[in-house]
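Undergrad: Chains X and P, in that order, are what the protein sequence lines are. Take the first sequence: its letter number 415 is residue 415 in this note's numbering, and every next letter is one higher. Count along the second sequence from 1, then add 494; that gives the number in this note's numbering.
No lab work stands behind these hints: they were computed from the structure. Please note that the accuracy of each hint is not assured.
The calculated lysine-lysine pairs, modelled on DSS-like cross-linking and capped at a C-alpha distance of 25 Å, are [to be verified]: (1) P:Lys790 - P:Lys1167; (2) P:Lys613 - X:Lys239; (3) P:Lys917 - P:Lys1167; (4) P:Lys538 - P:Lys790; (5) P:Lys1278 - X:Lys32; (6) P:Lys565 - X:Lys239; (7) P:Lys643 - P:Lys565; (8) P:Lys917 - X:Lys237.
Just a few of them, taken from the derived set where beta-carbon distance is under 8 Å, the chain X residues facing chain P [what the hints assert, rightly or not]: (9) Ala156; (10) Ala167; (11) Asp389; (12) Ala479.
We put the beta carbon where it would ideally sit given N, CA and C, even for glycine.
If you want the building blocks of each chain, they are given just below.
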Amino acid sequence: MMRDFALIHLNGVRREIRGREALMMLAEWLRKEAGLSGTKIVCAEGDCGACTVLRSSCQPSAQPISQLSFEAMNSCIATVAQMDGTHIVTVEGMQCGDHLSPAQEAMRRCHASQCGYCTPGFVMAMSAMLERHDQADARTASNYLTGNLCRCTGYAPIIEAALTVRATETHSVARRYSDPQSIKDSVASTKLSMLVEYEGTKLFAPVSLREAVTFTSINPGTRVLGAATDIGVHVNKGKPLPTSLISLHLIPELYETKLTRSGVTFGSRVTLAEVRRVSEDVAPEFARFLNLFASPQIKNVATLVGNIANASPIGDTLPFLLIAGGEVHVASRQGAKGVVRKRKIPMTDLYVGYKKLSLEPGEIITHISFDRTGANDVMSLCKVTQRKDLDISAVSGAFSLTLKGRRGAGGKGKAAPNVVSARIAYGGVAATPVRMPEVELALCGELNQARIESVALLIAGSIKPISDVRGSASYRRVAAANLFRRFGNEVLHG
Amino acid sequence: MADQTRTPVPMSTLISDHGSPPHDSSITHVTGKSEYVDDRPMLKGELHCGLVYSPYAHARVVRLDTAPALKIPGVICAVTGKDVAHNMWGSIFQDQPIIAADEVHYVGEVVAVIGAETKEALAKGLAAIVVEWGKLPDIRTISQAITAKSFIGSMRTISTGDVQSALASAPHQISGTLEIGGADHFYLESQAVVVYPKEDGQFEVHSSTQHPTETQHVVAEACGLRYSDVVCIAKRLGGAFGGKESQASPIAAYAALIAKRSGRPARLALSKDDDMIITGKRNPFQIEYRCGFDGKGKILALDAMLHSDGGAYADLSTAIMERALLHCDNAYSIANMRVRGQVCRTNFHPHTAFRGFGGPKGVAMIESIIEDIARIVGRDALDVRLLNCYNQNQDITHYGQRVEGNHLPSLFASLEKRCEYRKRREGIIAWNADCTSGNNRFVRGLSLTAVKFGISFTTRFLNQGNALVNLHRDGTAQVSTGAVEMGQGVNSRIATIVAQQLGLPLACVRIMPTSTEKNANTSPTAASTGTDINGAAALNACESICSRLASLAIQLRSIPAELWASKTAGLGTMPEIIVDETVGPSGTSEHRVKFVGSNVTVTDPSGAVFTIALAQLIREAYRNRISVSDYGYYSTPNLGFNKVDGKGKAFLYFTQGVAASEVELDSDTGEVKVRRVDILMDLGRPVNHALDMGQVMGGFIQGMGWLTTENLVYDNNGKLISHSPSTYKIPNVQDTPRVFNADLIFNEDNTQNIRGSKASGEPPLLLSISVWTAIRDAVMSARKNSVAGESQLVPLAIPATAERVLRGLSPEAFVIWDKQDTNGSGA
């Protein structure tokens, strides 16, 4: 049994979307096909939030769900087909009759809209906040709004709106749109594979890994559509959608998170938001770092595996995975019978060139695992950006030391810490993110000022950055060295 | 006259109320129902337009073949330069082809437009067009342009006193060069237009333009139509900031040409990438200056040469340069001054208006010079500012206009106290001393700068506006003006002015979409003058209507109500009431008339009051054949700036303000954090306090982006590569300072302007210069402490990107790598 449509609920109304419309970007479809032009498209690359809508999670599940839970996402860089099984609420779905929703009313009361073009996006981002927080403190508010750009207000009145708005039971999106029948309907549909096609482009969503690898082996060049935060951008910028696509959103096992004594394994459908939550315990520094990474709209849909597969030299999570024993789990079809063959590739062997992975044809990444941060390890993840939040790094660094001797003793007349082993990786300094074994070796031994200085210079000299829109090669060298100096001094001086 | 006798504004009159009515579109904004151009539903047969533009900064079009595109199903038509009826336009000089034919002068210059039924067909069509280019040598820096004498317009000079001898005799002299980068407007709504061909060769153009009149004219000329055949409508814009003043017009022409060729509706909605690549930016500037001053820091002479990068065509660059020259004094009286300006022609997109319009360049220069002077004479920069500030004895600008209504000294004094400037300065000195000893990697800086922004177009004839006011018989009003609503709230302000004049609730006044059929020969909504000019015109229209209604009300009071026209006009049994032309909107000296609370009252000499509902009075007027509509006209009085000798009254008044910014620099990375901002502005008597505060805080943050994170980067072909928000970083919510105080002083002295208000659109942007001077203060503090002996003046280009800041803080760290990487593998 197979479906030829994506099932979505749009502002509470059931829609089966097929063919051309299913392969359109959601924002474009909302505006031009569904007649809902309140959702705006500005950058078409997920960087401005003007297209923000709310989406219910769509995890295929055996357990009955009684209440949906909604999160913000950018509708400009995902196809309608990827919304399969979810409920979408747009700005048009926020009012209760003639009554403005709390976010709408707060934005109006605080004079937080001027030209109005970013306003629906802010309303939706703020509404997502109200789904989780009855009221917000300054940190929470700005975290929820960090993915939305405004050019008129300077944000002050928007922040005021976010700080003064209060959630109400009547306007809860989860409450209003959790209709039992539609939930049942959606859950039932996730048991059936989906195939949507239009003019030679096909998107397949299997319900099992076995079906998935069978498809990728007969359709060479198939691209896995995760959150499409990268493919979606390319399509919006004029490249055609790849002709063979697979979405793994109907495969339950890929939503798993497995914690062990030594580490953690995430399925390829686990979002960055979820990875961040789990990492708070497993790798606290990684969790902290993910706060600076992307907007809530992106983190709610994008996956860690997506970040890995995209293979950008400045992918923010990659230096961490390189120093944290990261391994990708891949699957492919073995033989014509469709046996699933699995293997693991260490992160350090994954990247073989600019945006090139050491995957064999037909292989798809199913999981990523990495180690717990050890009790004697000191880890620091940092990035250098032009703008503090939601900016692509010029340089990012990941440092981890296993120490003997007390950290922070160097300046206080006690024994200096001794580095037993070191792991150092950088992004933005070469065609791929890099581990730096020779630097790691040079760092072992007693940690002192002279060693920090010599290692910093070694780093600056051994990386091979380029000059581009985010900074000159020299700047990257100096900043890369300074990031290490800072880390070294923190370890030394506490 | 100057306000020499004014007492300073007491603190207690500071406005604190937030009871202003919200923006008139606030409900439709938050519900997503506000309609922008590209939200208009597609009509059957409507075409999507796409542009073919140059990938080179300067090239010959060797071959251009659109035929392959036309073979693709769904592609309907194509137009090129030879299809344009009058292929030349320009707001000041007509020097720019609408569609380039033989030669292109910048990356993004359009050579062909195609129209297609679907976006898919459009993409295929664009890819199928064949163009062969012959690359030509290009000019991509101001220095190259100066060497090649590639200029737009002639050099302008404004001078006063004897600069050369004052410089020669000054106890101290500094000289320097300031590099100022451009900035993208980054209005959220990219340029968009929909053109509907109507019957008998007429065109209805819905454009995101700040200048509907110019768009109407450019469309008509491009299509070979008469102006009367084209109506241009601008309902609302999703931001503009100057970027849609001149540059919306050719965009509209592209769609109009496709509509004309195909006879179908045509739509062109640029992607953000195309918008950023094609359209011009804030003009980059390069300023060389020499300044002489005494041991206390009093400026004795300033000689400055400003070069701007105008891009490939004139656009508005010469007017922008003029305003830059007129703002080189800013808040400071300089007895001997010569400022010269020359626009350079380069191979970039034609640079254009952007909030501040050149003013920020002059102000950045003088505020930066003052920071330098302070370091050399060993005083706090604020003391040097106070010493040089315009005052009652020194109030003549270098262009000869007297600084009337000067609130600058009291604004400085007030903010100094409110933001605890002196105390915080001490704290920062102590903090930085600790920092340079290695205990802290964060360096801090503080700076308090001013703005004195001249309000009026410096081109006199632009200072005019007109408005149409229609009253309806249910007591409501519709108002149409030439003002374009782009978020600034001009519609709300005009509605407030009209409602107050008519004594109606705000809800009874609607501002209608701006359209050239109702308001022709209008000026762009620009130069912060939208409310000043159009609000005054609307007020004039209201006063004419009110005069007639006042005359009618005075006469009605002596006629029994049962004989009024509403009861009798159908029968014609009563004579018509004739308007007494001598009655004004407030009645006569005997009969005082008031429009208040939806009523009109007539008070006679005995004190007896006659009251009639305005709606009823309007109905009586209609039945007496008295017009309840009017067309108002306004021209700004007493302007007299002579562009040839650079002297005269350029501005009706000055909007003034001060701001203090505190920043923190990460000495490892050069990243900047703005810790605290305090703003105090004089906006006279605001029409809408909340909207003005929105302009103040929004303008400040927008300027902060230009000065810090917004970096325009071009590749070796002259193509902008930071053309989307992933690479071009405007401030986001986390960049708004944690402490961000803004306030207004209240004063009634700006009587020459509408309702005693002052324009608020551009001036606050210039206050963000305090962020940049604070960064420079921090950099120089760090350097001063690390190098023994004399203070160092560290130049800091705009924008002060993290890289530039880090280079300023630790130039020595870059030396080896700069050498290696430029000699090396082409990094």
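Undergrad: What are the numbers of the hints that this structure violates, sorted from low to high?
TA: Violated hints (numbers, rising): 1, 4, 5, 7, 8, 10; every other hint is consistent with the structure.
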